[in-house]
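K.L.:
One letter stands for each residue in the lines below.
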Amino acid sequence: MSDTTAAVPTTGSNQMYVLHVNGVDHEIRDAWLGESLLYVLRERLGLMGSKGACEQGECGSCSVLVDDELVCGCLVLAASATGQRIVTIEGVAPVGAPSDVQQAFVDAGAVQCGFCTPGLIMATHALLDRSPEPTEYEIREELSGNVCRCTGYGRIIEAVQRVAVARRGGAA
Amino acid sequence: MSVTVAHTLDEALELLAATPSATVLAGGTDLMVELNMGHRRTDAVVCVNRVGELRSWRHDPGTDTLRIGAAITYAELMDAPLAGFSPALAQAARTVGSPQIRNAATIGGNVGTASPAGDGLPVLRALDAVVHLASTAGTRDVPFAEFATGPKRTVVQPGELITGVTIPVLNGFQGYSKVGVRNAMVIATASACLAVDTNGHTVRLALGSVGPVILRAPEAETIAVQAADFEAGTIDPEAIPAFAAAAAAAARPIDDHRSTAAYRRRAIEVLSRRLLTRAFPAPTPGASS
Ligand SMILES: Cc1cc2nc3c(=O)[nH]c(=O)nc-3n(C[C@H](O)[C@H](O)[C@H](O)COP(=O)(O)OP(=O)(O)OC[C@H]3O[C@@H](n4cnc5c(N)ncnc54)[C@H](O)[C@@H]3O)c2cc1C
Ligand code: FES
Ligand code: FES
Chain V
17 MSDTTAAVPT TGSNQMYVLH VNGVDHEIRD AWLGESLLYV LRERLGLMGS KGACEQGECG
77 SCSVLVDDEL VCGCLVLAAS ATGQRIVTIE GVAPVGAPSD VQQAFVDAGA VQCGFCTPGL
137 IMATHALLDR SPEPTEYEIR EELSGNVCRC TGYGRIIEAV QRVAVARRGG AA
Chain Z
3 MSVTVAHTLD EALELLAATP SATVLAGGTD LMVELNMGHR RTDAVVCVNR VGELRSWRHD
63 PGTDTLRIGA AITYAELMDA PLAGFSPALA QAARTVGSPQ IRNAATIGGN VGTASPAGDG
123 LPVLRALDAV VHLASTAGTR DVPFAEFATG PKRTVVQPGE LITGVTIPVL NGFQGYSKVG
183 VRNAMVIATA SACLAVDTNG HTVRLALGSV GPVILRAPEA ETIAVQAADF EAGTIDPEAI
243 PAFAAAAAAA ARPIDDHRST AAYRRRAIEV LSRRLLTRAF PAPTPGASS
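Listed in order, the protein sequences are those of chains V and Z.
Numbered per the numbering used here, the first sequence finishes at 188, counting up by one with no gaps.
Numbered per the numbering used here, the second sequence finishes at 291, counting up by one with no gaps.
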């Protein structure tokens with residue numbers, strides 16, 4: 017998994033670039049410069065939390081923050097994200113100490129197969145940072161870029177609402 | 003392959019002058035799909051969405067126009083303060099993709115792709131927007147009506163960059179409506195933008211996804227202008243079906259994998275009627291029926 021250059025069409029360039037991911041600088045060498053950020057995160061940096069399904073912006077399972085904006089990692093040209101702050105699901109909270117959103121997803125039963133979960137956690141953090149008390153309608157609209165094939169979304173919405181309640185001091 | 007991130011307009015233009023075949027990358031929401039799917043290859047990419055000049059906008063109170071930098075995103079167009087200058091553009095922005103897409107996708111990229119289904123484009127057509135282009139040789143302004151020459155074909159020359167668009171700030175109703183298979187993340191099957199200029203006494207109707215380029219519906223516009231009382235904000239209700247029929251007649255839809263020509267024409271009729279009814283909610287007092 018460490019270096020799969022052979023699997024990628026190469027146009028023969030080895031311009032090195034640096035990505036700042038979860039607070040750490042990573043040098044990316046000998047990579048095809050047409051690779052998406054999602055591909056580089058997973059295949060070159062071993063950060064497997066972000067998932068890839070459609071690679072065309074439709075499913076949201078690759079959601080990451082680039083300079084605080086929630087975007088699809090599959091639609092970011094990795095070599096163009098130099099000098100930007102990239103946060104992936106691995107950067108949200110240390111292992112063993114989940115964020116309130118992560119914990120709420122577990123508590124509400126919003127995780128089934130888990131494939132969509134990292135993207136939804138990123139999207140939920142972004143949503144609640146911008147709008148601390150979203151209506152159900154707002155939650156549905158703001159999470160519409162994240163597809164879940166398992167849960168039917170009811171428990172995901174419940175998880176988001178639990179965090180909103182807990183953050184304003186209510187019981188979760 | 004080379005990837006260069008430009009930070010100033012001059013830098014971007016010089017990079018494009020040095021490699022006119024280079025591909026311009028803004029939000030990547032069209033381009034990266036093509037790269038990921040192997041539908042497009044490129045040797046050089048110039049990334050422009052961090053160029054300050056393209057990331058800014060300016061309202062000119064003298065001419066009451068709004069110049070929007072090419073790298074302004076749909077997320078920005080959706081919210082204050084930009085939404086206040088063009089409600090229709092804000093509405094169109096809100097229908098684009100998903101939050102993730104709107105955070106990345108730019109108006110310049112929508113214009114550059116020139117898809118007949120691009121959601122920002124009927125608004126630009128209805129408002130008679132001007133597209134600003136620049137290269138190291140100079141700048142030129144192209145009316146949006148002349149910008150696209152066919153589906154995904156434009157007048158942009160190698161080495162040229164779209165720097166922004168200018169729209170008038172109009173006093174009057176503006177609306178954008180779109181039909182697709184669901185609410186989120188959907189390409190328009192048919193779309194329409196209606197803009198009323200209460201001061202200039204004009205009604206503009208532009209149609210998306212029903213022709214090789216975005217279309218206007220001049221006969222429908224004339225019907226509306228003749229039937230409207232701009233001061234009172236009312237319209238003769240009998241003109242509304244005639245307006246909708248003229249709009250449908252102006253459409254040049256095709257059958258494709260997403261829909262049929264007949265459905266699209268019908269959708270234009272319905273969308274146009276709804277938009278005009280919203281623009282002039284109350285019938286003219288004393289008018290028949
Ligand atoms: C999942 C998904 C959903 C989508 N939903 C919608 C939708 O609902 N409605 C809609 O209209 N679109 C939609 N799109 C398409 C896309 O998001 C828009 O067309 C968007 O505006 C493109 O902007 P961008 O900045 O991402 O363009 P990019 O992909 O960066 O560029 C698009 C094209 O324009 C050129 N270009 C970009 N900027 C410039 C410039 N300044 N000067 C010259 N050329 C330039 C590029 O070279 C490229 O050919 C969707 C895309 C995805 C992936
Ligand atoms: S893999 Fe990026 S949106 Fe589906
Ligand atoms: S839990 Fe399986 S896709 Fe969402």
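Mixed in with the good hints there might be a few duds.
[Stated by the list, open to error] Computed far set for chain Z versus chain V, every beta-carbon distance over 12 Å:
(1) 55
(2) 106
(3) 138
(4) 186
[What the hints assert, rightly or not] Some but not every residue of chain Z turned toward chain V, in silico, with C-beta under 10 Å:
(5) 5
(6) 11
(7) 30
(8) 31
(9) 44
(10) 93
(11) 101
(12) 102
(13) 213
(14) 228
(15) 242
(16) 265
(17) 267
(18) 268
I should point out that these hints are in silico values taken from the structure, not numbers from a laboratory.
Idealized CB from N, CA, C, for every residue including glycine.
K.L.:
Each hint: holds or not?
P.N.:
Consistency of the hints with the structure:
no., hint, in the structure
1, 55, "holds (18 Å)"
2, 106, "violated (5 Å)"
3, 138, "holds (22 Å)"
4, 186, "violated (3 Å)"
5, 5, "holds (4 Å)"
6, 11, "violated (17 Å)"
7, 30, "holds (5 Å)"
8, 31, "holds (5 Å)"
9, 44, "holds (7 Å)"
10, 93, "violated (14 Å)"
11, 101, "holds (5 Å)"
12, 102, "holds (4 Å)"
13, 213, "violated (25 Å)"
14, 228, "violated (39 Å)"
15, 242, "violated (30 Å)"
16, 265, "violated (23 Å)"
17, 267, "violated (28 Å)"
18, 268, "violated (27 Å)"
Figure legend: structure checked against the earlier numbered hints; hints not met, in rising order: 2, 4, 6, 10, 13, 14, 15, 16, 17, 18.
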